[in-house]
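Since chain X is already given, all that's left is putting chains V, S and H on it; use the hints.
4 protein chains.
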Amino acid sequence: MATSVVSIISTRSQYARIKTVLTALQESPEIDLRLVITGGTLVHRFGNLTETIESDDLEIEKKIHTLIEGDEPVTQAKTTGIGLVEFATALDEIDPDVVLMTGDRYETMASTLAASYLNVPVIHLEGGELTGSIDDKVRHATTKLADYHCVSTGRAERIVDELGEPADRIYRTGCPSIDICQQIEADGRTNYDPQQEYGGVGSTVDVSDEYIVVQYHPLPTEYETNYEKARTVLDAYAALDVQAFWFWPNMDAGTDQVSKAIREFREQNGSKQVRFFINLDPHDYLTVVRNSSCMVGNSSVGIRECSFFGVPTVNIGDRQHARERGQNVIDVECDRDEIVTAIETQLRHGRYPKSDLYGDGTAADQIATLIPNLDISLKGPMTTTALDGVTEGELLNHE
Amino acid sequence: MATSVVSIISTRSQYARIKTVLTALQESPEIDLRLVITGGTLVHRFGNLTETIESDDLEIEKKIHTLIEGDEPVTQAKTTGIGLVEFATALDEIDPDVVLMTGDRYETMASTLAASYLNVPVIHLEGGELTGSIDDKVRHATTKLADYHCVSTGRAERIVDELGEPADRIYRTGCPSIDICQQIEADGRTNYDPQQEYGGVGSTVDVSDEYIVVQYHPLPTEYETNYEKARTVLDAYAALDVQAFWFWPNMDAGTDQVSKAIREFREQNGSKQVRFFINLDPHDYLTVVRNSSCMVGNSSVGIRECSFFGVPTVNIGDRQHARERGQNVIDVECDRDEIVTAIETQLRHGRYPKSDLYGDGTAADQIATLIPNLDISLKGPMTTTALDGVTEGELLNHE
Amino acid sequence: MATSVVSIISTRSQYARIKTVLTALQESPEIDLRLVITGGTLVHRFGNLTETIESDDLEIEKKIHTLIEGDEPVTQAKTTGIGLVEFATALDEIDPDVVLMTGDRYETMASTLAASYLNVPVIHLEGGELTGSIDDKVRHATTKLADYHCVSTGRAERIVDELGEPADRIYRTGCPSIDICQQIEADGRTNYDPQQEYGGVGSTVDVSDEYIVVQYHPLPTEYETNYEKARTVLDAYAALDVQAFWFWPNMDAGTDQVSKAIREFREQNGSKQVRFFINLDPHDYLTVVRNSSCMVGNSSVGIRECSFFGVPTVNIGDRQHARERGQNVIDVECDRDEIVTAIETQLRHGRYPKSDLYGDGTAADQIATLIPNLDISLKGPMTTTALDGVTEGELLNHE
Amino acid sequence: MATSVVSIISTRSQYARIKTVLTALQESPEIDLRLVITGGTLVHRFGNLTETIESDDLEIEKKIHTLIEGDEPVTQAKTTGIGLVEFATALDEIDPDVVLMTGDRYETMASTLAASYLNVPVIHLEGGELTGSIDDKVRHATTKLADYHCVSTGRAERIVDELGEPADRIYRTGCPSIDICQQIEADGRTNYDPQQEYGGVGSTVDVSDEYIVVQYHPLPTEYETNYEKARTVLDAYAALDVQAFWFWPNMDAGTDQVSKAIREFREQNGSKQVRFFINLDPHDYLTVVRNSSCMVGNSSVGIRECSFFGVPTVNIGDRQHARERGQNVIDVECDRDEIVTAIETQLRHGRYPKSDLYGDGTAADQIATLIPNLDISLKGPMTTTALDGVTEGELLNHE
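Residue numbers (the numbering used here), protein chains in the order written: chain X, 31 to 429; chain V, 31 to 429; chain S, 31 to 429; chain H, 31 to 429.
Hints were generated in silico from the structure; no laboratory data involved. Certain hints may be false.
It does not matter which identical chain is used: a pair holds within one copy or between any two.
Said to hold, decoys possible - Here are the simulated SDA-like pairs of lysine to any residue, each with C-alpha atoms no more than 25 Å apart in a straight line:
{"hint": "1", "residue 1": "K93", "residue 2": "T255"}
{"hint": "2", "residue 1": "K93", "residue 2": "P126"}
{"hint": "3", "residue 1": "K302", "residue 2": "E368"}
{"hint": "4", "residue 1": "K93", "residue 2": "P224"}
{"hint": "5", "residue 1": "K302", "residue 2": "Y241"}
Since the structure is predicted, the reported quantities are computational estimates derived from the model, not experimental observations.
One chain only, chain X, in its complex shape (with noise of 0.2 Å):
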C-alpha cells in the first residue's frame, strides 16, 4: 500500500524549494501525495499560490486561511497558534503515514508540532542550517522534534548529529531547490524575460542587456529599522547604472515597511530602469536569478542557488549570517556606499565556477526513494551524540 504523505506548504518560497520533491512523490505509485496549503500561499498581496501549483499538476487537498495581519511579531505568533489548531484537524482527518515539512517558518513548527501531539512521524528537510537570526531557534527546535532529516549539506548534517538526533535517521540530500537550478542549466533559456508572462510594474528591462536581481526581506527582530534599511538598498540602486528586475518582500513582521519604502522609491524616482514583481514561478524565478549579473539582497537564493549557479551575490546584513557560503558571495552592512562597491564589485569579476555545497540536483530522486522504503516510526528517546560522557551508571540507578 502506498504511504501517504501530508505535506504543509505556507510560502512561495517554501513552495520554490521543495517543488522537485512534490512532483516526485505525485509521480512515485508508492506514494500518495496530500498537500495542504495555508498561510501567505493564499493571499492574493503575496501572491496567491493556488494557480501557480495547479498549473505544476499538483492537486491541493485542503486550503486553511491562517494568517493574521498586523505586521508585528505578535500576529506571527498568532498565526503559528491558529496553524496549529486548524493542522491538528486536519491531519487527524487525513491521518497520513508521515509528515513531511521544510525549512525554518513558523508554520513549520506548528505543523511538525501539530503531528507530533498526534504521532505522526515528521521528515524536516533543510534540518541543522545555520543563518545566525533568530530562525535558529525554531529550526533547531523543529529538528527535535522530527523524526527524520534530510539535509542540504555536510555542516548541516554534522549539526544535526550533535544536537542528538540518531545518525541513522539522517540523509545529505542536498537541497531540493538545487534540483530546480539543475534543470534551469540544462534548460538553457539564457534569454528569458519575464515579462511578457507576468507584467510586473515599472521599467521594461532589456534581458539581453545586463540586470541585476533585488530581493530584499524584513528583519523581524529589527521591524521599527526596516523601512530605513529599505531606503538604503533603494538609494544604493539609485545610485548605479544597471537594469534591475525588484521582487517584492515575503510576509515577515516588518514587510510593510519595505513596501511602503519601495511604494515611496516609486513616487519619486518613477521607473529608473527597475522593473518590480510580486512574484513568479520559481523555476521562472530561478531563470531569472540564474541569467543575471548579480543578486543583491538578504534573500538565502543568493547563497544557496546562487552558489550553484555562480551567480555573484552581494549580501546584506545580518538575515543569512552564519549560513554556510561559498565563493561567490561578498557580504556588506546595510550601507549605501558599501553596497554601491560591492555590487560594482561583482559585476566587474562575473561569474564564479559553481558548487556542490547544497546539493548536486538529485535531492527530490533521493527523497521519492527513501520514503517508501522507510520503516516510519517516531525516534525513540535521544541516546547518541549529547548522551556522550553519560556514564551507564547514570542512564541506571544512582548511587
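Quick look at chains V, S and H alone, frame taken from chain X:
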C-alpha cells in the same frame, strides 16, 4: 527598576514544582512577578488551582482557558494552538522582560514559542532531562527555543550543553520542587492527615499506620491501552493488604480511560482501604508522600522528590524511562504480579538514604538571585558545542 | 444534481432531535448529506456519539473538536469562537448548497454565522420558540441569520413571522423529534429495559413496575447555585418511594456542579432505587421516557415529546419558562416539597391524552421533500412584517 | 461607584461613528470607560488607529489582533471566530457592567455574542437600520442578542420594536456621527486642506476650488466583480473634469480587488486631479466631506452624514439599498454613464437643506446621561410585540 517576569502555569504539578520560585520572586523587591494560569489549572474536575494559588499569597494576573476536551492527541495539539494565540496577546499586553517556564508540557512549548516570536527571552527550568517518552521531543525543542536554562541534575546540564546551548547560559540550580521537600523535612509533620482538610472519597486511612501513595497517569502515546493498564495497577493493589491514598490522574490524553477504571474499581470493590483525592496543595501532597511507606505508579514524584526523601518507589512502565533515578526506585512492567512483588519488597526494605540528585533545596533562592543579575537578552546563533568539528572555513566562505 | 446539505451536530440531544431528518436526507437520491460532528458529541464523558451515529448508518464527513473545558460562561463563548473558525474552514472546503441547523445551542449560532459569511443559505429548525431563558437570545439571533425556517408549533410560526422573516420561507413542519415518538408508539416496546444494553450504574430498576425519569440540567445564567439546586432535586427524590432512571446533565456551564451533587448523593445514599445513565441512543431514551409514569426535571423532553406521548411531567424551575406546553405539565419551583407533591400528583393522575402541539410525526418526510424543491437562495432585505407601518416615503427618499 | 463600560472598536469608520460617545463617556465621572481595539484598527495598511485614538485623549485598555488575511468570505468568518475567543478572555478579565457596541460589522457580532455568553448586558447603537445588503442579517441578529438599543431614526426605532425588543429598552438618540457633523458646522473650517497634515499620494487638490469626495467599498457578496466595478467608478471619474479626494476602501472581502483597480488606474492615468488617502482622523475626514461639492461612491456617509450637511450624494449600486435617505441622494447603478450624469447633476444642483433624519447632534450627551441611570440588566424573554396575537392560553398550558 524591577525586572518583570511572566510565568505561565498550566497544571497543578507544574505549580507544585515551581511554587518556591514563584514565592521567592514575589518577595524579591528586584522582581515584578506576573502570574498567568491556564489549561487544567482552571478546570474544576482537575482541581481548580485558583484558590490554592491565592491562599499561597500569590497574585494571579490573568486566567486564560485553553483546554480543549476530548481525551485524544488531536485535542492536545489544539490546546497548544489556542494557548499560543492567547499567550501571544497576553505577553504583548504585559510586555515583560523575561518569561519563566518549567517542564515539558505542551503549554510550556506554546508559551515559549509565543515568547520567542515576541522577542522576549525565556528562562526554562528542568531542561535537559530524559524520560524516554514523547515528552523528550517537546522538552528538547523547548530548550532550543529558550535563552537561559536552570537545570536540575548534572546529566541535564551536560545534555543542554550538548544540545548546543551556550555554556554561560546554563545554571545548575537543582529542581525547585526539592525546595519544598527540604521545607517538609524541616516541618516534621510526620502524622499529617489530609482527610480532615481535603475530604476525598472512600475509606478512612489511619495515617499513624503504614500506607502507600498511588498515582498512575495515562500515556498519551498508548492511549488505547490506558484503561487496561490502570485496571492492572488497581488489581495489583487489590491483591495487597495495605492502606493507600490514591490520586486522580492528570489531564493528558487518556485520562478518561484511567478515571473510568478507577470508577469501576470503586463500584466493584467498594472503598477497601483506599481513599481517593483529586488534588492537594503541593506542600500537603508531598508531606503525604514523604510519610508514606512506598510511592507507586508512574509519576515523576517517585523518581525525583522521593530520591530526596528516601521514600521507596515502585515505578511502573515506560513513562519515566531513562529519567535519572536514585537507589530508591524499583522499576517494573505494568504487570500485576511484578507490581505486587515490588511493593512488598519496598515495604520490607523501608527508607533509603537521602540523595541530592535533583537538588539540595536552594533552587528558588538561586533563581531569585540570578534573574535580577542577568543581562537579559536573546541568545545568539548556536556557536559552541554543536560546532565542534566545524572548521573556520565552513563558517566563512567555502572554496 | 443532488442538493448538497451540511448538517453540524454538537450535542446528543441535538442529534436526537434531528435524527429522523438526517436519515430521510441520507435516503433521498436528491440530497447529498454531509454530516459534521463537533462539541460534546466527541467527548467521551458526555457519551461519545460517533458509534451511535455510525450504527444508525449515517456517514460522518468531519469530526471537529471545539469544546473548551472549564465549566464557566467564558468557555462557552470560546467554544463558539473556535467552532466558528473551524466550521468556516470546513464549509469552505465542502462548499455545500445549504446548511441545516437545529435549535439554540451556541454551536448552532457559530455554524449559522460561518454559513452566513460564506454566503451559504441556512435552513434553521426549531426557530420561533420561547423558553424564557438566555437561549431565546441565541435562538432569535439565529433566526435572523437563517434563510429558511422549519418550525414546530403555530406560535413559533407566528413569532418567526413577526421577527420579520419572509412568510414564504417559513414552513410549519412540526418538530422532527416527534417523528421518533411516532415510531416509538408504533414499535410498542412497552417493557423495554435499557439496563441490559447500556449498563449504567446503581440499583436495578424493574421496568415492568412503575418508574420515573429524571433529567436535570444546569442553568448557565445561575451557575453558582447549580450545585444547590441539583441537591434539592435529589433530596426530593430521596423522599419518594419510586424507581427512577436518572440521566447525567448536558455540558452547559454548571454541569460539573450538577455532577458533583449526583456523585455526593450516590456516596451518601448508595443506589436506593435509582439507576444512572450517561446517555442512550435517542430512540431508546425516548422509549424509556414513553414507558415512564412521570418525567421530572427541566429537560425540554418533558414539555415537547411528553406532550405527544401524554406522559405526565413535573417541570422544575425557569429553564423551560415560556415554552409552549400541553396539559401534561405541572410547573414547580426548585423546592423540595413542591417537587415531591407534584410528582405524587402526576403519579396518581396517570397518562394524559396525546397532543399534536409539537408535530404529528411527519417532519422528516416534509423536510426531505422540501429541500430538493427549494429554489435555494439567500434571503433578501427585511421587507415584510417589520416594515408594517413604514410608509413608502420612508423607504424612498425623505423630504 | 462608576459604571464600567467596555467598548470594542474594529474599524476606523466604526470609531468615527462612536467617537463623540467615547469622549463623553471618558469625561463622565459616573462612567469608567475601557476601550478595546481590534481588527483593522491595528493593521497599518488600513491606517493604524492607535495614534488617532491616543491623540483624541482616549486610553486604550487592550489591543487584540484578529484579522485573518485572505480577502475571501471564509476569512471574515474566521476573524469573527478568533475575535469571539479573545473577546471572551478580555471581557472575563475586565468584567464590565455593560458592553457598548455599534453597527453591523462581524466583530460587532463577535463582541455581542461574547458578552451574551458572559451574561454582560449589551447596549447596541445603530440597530434597526436597513441597507438591503447582507449586513442586515448581522445587524438584526445583533439586535436580538443586545439588551438596550440606541437607534438613529424613527424607522429604526419601529423596526427594533417590531423585532420584539422591549419598548422601554429602545432609545432614539440619533446617530453619534451626527454629533461630529454638528461640531464641524460649528467649527466652520470651510477651506480645510488635509494634504498638509496627511500627505496622501497623487495630484495636489486646490481646496478653495470645487472638489468631490469618492469612497467606493467592495461588496462581500459579489466579490468576484469588485475589480470591474471599481474600474467603472474610476472610469466615470476619468470622464469628468473635477478635482477629487479619493479614499481607500475598507477591509471587507474584496478590498484587494478595489485596491488593484486603484493602483492600475494610477499607473495608467498618473495623478490626474485626484489625491488618494488611506485615512484621516474622523473629524478631518467629515470636514473634507462637508466642504465637498459632491460625495460619490457607496459609503453610508453619503446617506447619513451628508443628509445632515446637505451635501449632494451620488450613491452607486446596492450597498446602501433600503437605507433611509434624504433629498440629497441620487441613486445610480454601477454604470459609467449613469455615474457621470448624476455627478454632473449634483454639481449643478449644489447644497440641499439640512435634515435631522439621522440625528440632531446630541447623541453622545444623551447616551452618556442614559448609561449611569440604567438599571442595567439582561433583558427578559421576548414578550411584547412579537407576541401580539399570541393568546394567554398559548403562553400557559395548552388544552
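Hint-by-hint comparison with the structure:
Proximity of K93 and T255 under a CA criterion of 25 Å is satisfied inter-copy only: 22 Å between copies versus 34 Å inside one chain copy. Taking CA atoms no more than 25 Å apart as the test, K93 paired with P126 passes in both settings, with 17 Å inside one copy and 16 Å between copies. Taking the shortest Cα distances, K302 and E368 sit within 25 Å of each other inside one copy (21 Å), while across copies they are farther apart (39 Å). When the C-alpha separation of K93 and P224 is checked against a cutoff of 25 Å, the pair qualifies neither within a copy, at 28 Å, nor between copies, at 43 Å.
Within a single copy, K302 and Y241 get their C-alpha atoms as close as 13 Å, which meets the 25 Å cut-off; across copies the closest is 33 Å, which misses it.
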